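These protein sequence lines are chains A and B, in that order. If you count the first sequence from 1, position 2 lands on 2 in the numbering used here, and the numbers rise without skipping. If you count the second sequence from 1, position 233 lands on 233 in the numbering used here, and the numbers rise without skipping.
Simulated from the structure, these hints should not be mistaken for lab results. A hint or two may mislead.
[Stated by the list, open to error] Facing chain A, from chain B, some residues (calculated, C-beta under 8 Å):
1) VAL106
2) TYR127
3) GLY166
[To be verified] DEER-style ranges, computed between Cβ atoms:
4) A:PHE287 - B:LEU240: 34 to 42 Å
5) B:SER136 - A:GLY253: 42 to 50 Å
6) A:ARG219 - B:GLN181: 53 to 61 Å
7) B:VAL267 - A:SER291: 38 to 46 Å
8) B:PHE258 - A:PHE287: 49 to 57 Å
9) A:VAL321 - B:LEU3: 54 to 62 Å
10) A:ARG293 - B:PRO261: 37 to 45 Å
11) B:GLY271 - A:SER300: 27 to 35 Å
Remember, predicted model here, so these are calculated numbers, not experimental data. The beta carbon of each residue, even a glycine, is placed where N, CA and C say it ideally should be.
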Amino acid sequence: MSEPKDIALGGARASSSGVKKSRPWAGALLGVSILTLVLPVGFGTSISLMTMFSAVFFYLALAQGWNLLGGLGGYLNFATALFAGVGAYTAAWLHNQFELTLWQTILPGAIAAAVISLLVGYATLRLRSHYFAIFTLILTFLGAVVVKNMPALGGGAGIFLDLEGEWTSESIAQFYFFCFLALAVVATIIAFFVQHSNFGYALIAISEDETAAQVLGVRTMDVKLRALFIGSALGGAAGAIFAFFTSYIEPGGIFNLDIALDVILVCVIGGMRSWLGPVIGAFVVVFLEQSLRLLIPSLSVFGMELPTETGRLILGALLVVFALFFRRGIVGIFQSRRGRNLSV
Amino acid sequence: MNLETVAQLLGNGLLLGGVYAGLGIGLSLLLGVLKIVNLSHSAVLIFGSLIYWELVNTLGLDPILAIFPVVVAGFGIGVLVHRTVGQYMVREDSRTMVLAFFGILVLVESAAIIIWTTDTRTVNVGYLSQLVTFGSLSFPLSKLVAAGLTVLLMVGLHLYLTRTLGGAAVRAISQNIDVAQMVGIDVTKISRRVFGAGLGLAAFGGTVLAMVVSFSPQEHPRWLAWSFLVVILGGLGSTLRTLSAGLIVGVLESFIGFLLPFQYIYVVLYGLLALLLLVRPQGFARTKQREL
Numbered sequence: 001m002s003e004p005k006d007i008a009l010g011g012a013r014a015s016s017s018g019v020k021k022s023r024p025w026a027g028a029l030l031g032v033s034i035l036t037l038v039l040p041v042g043f044g045t046s047i048s049l050m051t052m053f054s055a056v057f058f059y060l061a062l063a064q065g066w067n068l069l070g071g072l073g074g075y076l077n078f079a080t081a082l083f084a085g086v087g088a089y090t091a092a093w094l095h096n097q098f099e100l101t102l103w104q105t106i107l108p109g110a111i112a113a114a115v116i117s118l119l120v121g122y123a124t125l126r127l128r129s130h131y132f133a134i135f136t137l138i139l140t141f142l143g144a145v146v147v148k149n150m151p152a153l154g155g156g157a158g159i160f161l162d163l164e165g166e167w168t169s170e171s172i173a174q175f176y177f178f179c180f181l182a183l184a185v186v187a188t189i190i191a192f193f194v195q196h197s198n199f200g201y202a203l204i205a206i207s208e209d210e211t212a213a214q215v216l217g218v219r220t221m222d223v224k225l226r227a228l229f230i231g232s233a234l235g236g237a238a239g240a241i242f243a244f245f246t247s248y249i250e251p252g253g254i255f256n257l258d259i260a261l262d263v264i265l266v267c268v269i270g271g272m273r274s275w276l277g278p279v280i281g282a283f284v285v286v287f288l289e290q291s292l293r294l295l296i297p298s299l300s301v302f303g304m305e306l307p308t309e310t311g312r313l314i315l316g317a318l319l320v321v322f323a324l325f326f327r328r329g330i331v332g333i334f335q336s337r338r339g340r341n342l343s344v
Numbered sequence: 001m002n003l004e005t006v007a008q009l010l011g012n013g014l015l016l017g018g019v020y021a022g023l024g025i026g027l028s029l030l031l032g033v034l035k036i037v038n039l040s041h042s043a044v045l046i047f048g049s050l051i052y053w054e055l056v057n058t059l060g061l062d063p064i065l066a067i068f069p070v071v072v073a074g075f076g077i078g079v080l081v082h083r084t085v086g087q088y089m090v091r092e093d094s095r096t097m098v099l100a101f102f103g104i105l106v107l108v109e110s111a112a113i114i115i116w117t118t119d120t121r122t123v124n125v126g127y128l129s130q131l132v133t134f135g136s137l138s139f140p141l142s143k144l145v146a147a148g149l150t151v152l153l154m155v156g157l158h159l160y161l162t163r164t165l166g167g168a169a170v171r172a173i174s175q176n177i178d179v180a181q182m183v184g185i186d187v188t189k190i191s192r193r194v195f196g197a198g199l200g201l202a203a204f205g206g207t208v209l210a211m212v213v214s215f216s217p218q219e220h221p222r223w224l225a226w227s228f229l230v231v232i233l234g235g236l237g238s239t240l241r242t243l244s245a246g247l248i249v250g251v252l253e254s255f256i257g258f259l260l261p262f263q264y265i266y267v268v269l270y271g272l273l274a275l276l277l278l279v280r281p282q283g284f285a286r287t288k289q290r291e292l
C-alpha cells in the first residue's frame, strides 16, 4: 500500500513547489528566536505573568492542532472544547481513580480525544465542509450533556483533583508554564513539519478545491481524518495538563463554545495558512482578552457598568471583521502573495 | 403501555414536531436557496424568543398577536444585514462565511446575555395555557396553536414556492444563481428577501418555541442541534419534507422521553443525526441533489 500513497501525494508536492519557494530554515530560525525570547519569563518573574503565558501556550497548542484541519484543510472544527474536555476528564478520572500523575495521564488524554475524533470524523468528514461545521458546533453541547449525566465523572458539579505536595504557588506557576510551553513547542513543530510535507500540501489542495484534489489522487478522507486526529490528540493533551493546572473541572466551564471562539480567533487573527499564524495570534488574543478583562469593569457607559459579556461581544465582532476583511491574518500582512490563484 | 398512552404520546410528539419543523425552516431556506450556513440560526432564534417574552410578559401583549412584530423585526434585521454585509458574504467562499456567522453567533448570544442575563425564562401564555381535551386525550392549547401556526406557515410557504412566479424565481436562484441572473431575475433583490425571510423564520421558530418550552440564552446550541437534525432529515428543497421531518423528530423525542430517562434523548437524537449523515446526507429527497 505504500507505493500508491507516494504517487497520490507526490503530485501535490510537485505542483506546489513549483509556485512557492518556501524557506523552512528561516521559519525554524524565527521559531527558535521566539522561544529564546519567552523562555526567560519562566525564571523569576511574577506569578501572574507566568500564568498569562501559560494561557498563551495553552491556546497556542490548541490552535496549532485546530489549524491543521481548519486553516490548511478548510474544515472548520468548532468542537475544540470537546476534544480538550475529553482529555481533561480522562486525566482527572485517571488521577482520582488510579492516582496517576500528570505525566502518565497526558498520553491517555490525548488518545481518548483522538479516538472520539475518529468517531466524529468518520461520520462527518465525508460531507461538505459546512455540515462538518454545524455538526461539530453542536457536539460541544452534547459533551456537556453527557458529562452532566455521568455520576462517575462528577456530573454537573465537576471533579476536584486532589493534588498534594508542598509546592509554593510560585513553583506551581513555573511548573505549568514549562508544561504548556513544552506542549506548545511540540504542537508548533508538528504544525511546521505538516505544513512543509506532502500531507500539508494535500490539506491545502483540499481547502482550495476538494473535488479537484480527489481527481488528482489525493485521498481526501484519509488526509482530513489524519489532520483531525492529530489536532484532537494535541487538544486532549492540552486538556489533560489544563485539568491538573486548574485542579477543578466542571462540564459547563470546559465544554464551552468560548474555548472554540478563542482558538478560532487565535488562528484567524494570526493567519490560517501558516504555522506562524497561531504563534502570533495566541499572544495577541490572550493579551487582548486580559486587557479587556481589566478594562471593561473600569469603563462605564451612561453611568452604567458594562457587564463582562461585553468583552465577548467585542471578540465576536472582531472575528466577523477579521474573517471578512483580513482573511490572511497578521501573517498575511508580512507575506507577499506568491504564485497565482487559478479558478475554474 | 396501553393504546391510550400511545395515542397521547403520539399526539404530544406530533405537536412538538410541528414546533421543531418551525425551528428548522429558516435554516433550511437559507441553506437550500442561498447556500448559506447560518451558524447563528439558533442564537437569532433565542433572541426572537426573548423579545417575544418581553412583549408578552412585560408588555402584556396577546401571545398570538405578539408573534407578528417579532417576525417582522427578524425580517427587517435580515434585510438590513444583507444590505450591509450579507450580500458580500454570499459571494465569499463557504469557510469565510461560516467563520463570519460564528462571529455573529457570539455577538447575538453575548448581546442576549447582556440584556436578559442567563436566567431560564418561561412565557406566560395566559389563555393559551388551558387544556383542550379530545376524548381521553388532552393537549395544552399553546402547543396546538404553536404547531398549527407552523403547519399553516409551512404549507403557505410551500404553495408560494411551488405555485407562484416569485417562488419560481427563488427556486431558480437555488438551482443556479448565475443562470437565474442571466434570465433576468433580480438576484440581489430576491436574495435579500430570502435572507430576511431566513432570519424572520428563525425568529418565528423562536416564538413558537417560547410558547411551549422554557429557554435560556446560553443553551441555544441545543436548538441548533434540533434544527439541523430536522434539516438533514428533511433534505433541502422541499418545505413539506422539512415539515414531515420535524414531525418525525417530535414523535421520536416523545416516545424516547417516555421509555428512557430524559437525558438519553440527546444521545439518541445525536446518534440518529450521525447515522443520517453517514448513510443518507441528502435526507428524504429521492435523488441526490446535483452540485455545480
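Verification of the hints:
no.	hint	verdict
1	VAL106	holds, 3 Å
2	TYR127	violated, 34 Å
3	GLY166	violated, 27 Å
4	A:PHE287 - B:LEU240: 34 to 42 Å	violated, 53 Å
5	B:SER136 - A:GLY253: 42 to 50 Å	holds, 47 Å
6	A:ARG219 - B:GLN181: 53 to 61 Å	violated, 37 Å
7	B:VAL267 - A:SER291: 38 to 46 Å	holds, 41 Å
8	B:PHE258 - A:PHE287: 49 to 57 Å	holds, 52 Å
9	A:VAL321 - B:LEU3: 54 to 62 Å	holds, 59 Å
10	A:ARG293 - B:PRO261: 37 to 45 Å	holds, 39 Å
11	B:GLY271 - A:SER300: 27 to 35 Å	violated, 49 Å
Hint check: violations occur at hints 2, 3, 4, 6, 11; the rest are consistent with the structure.
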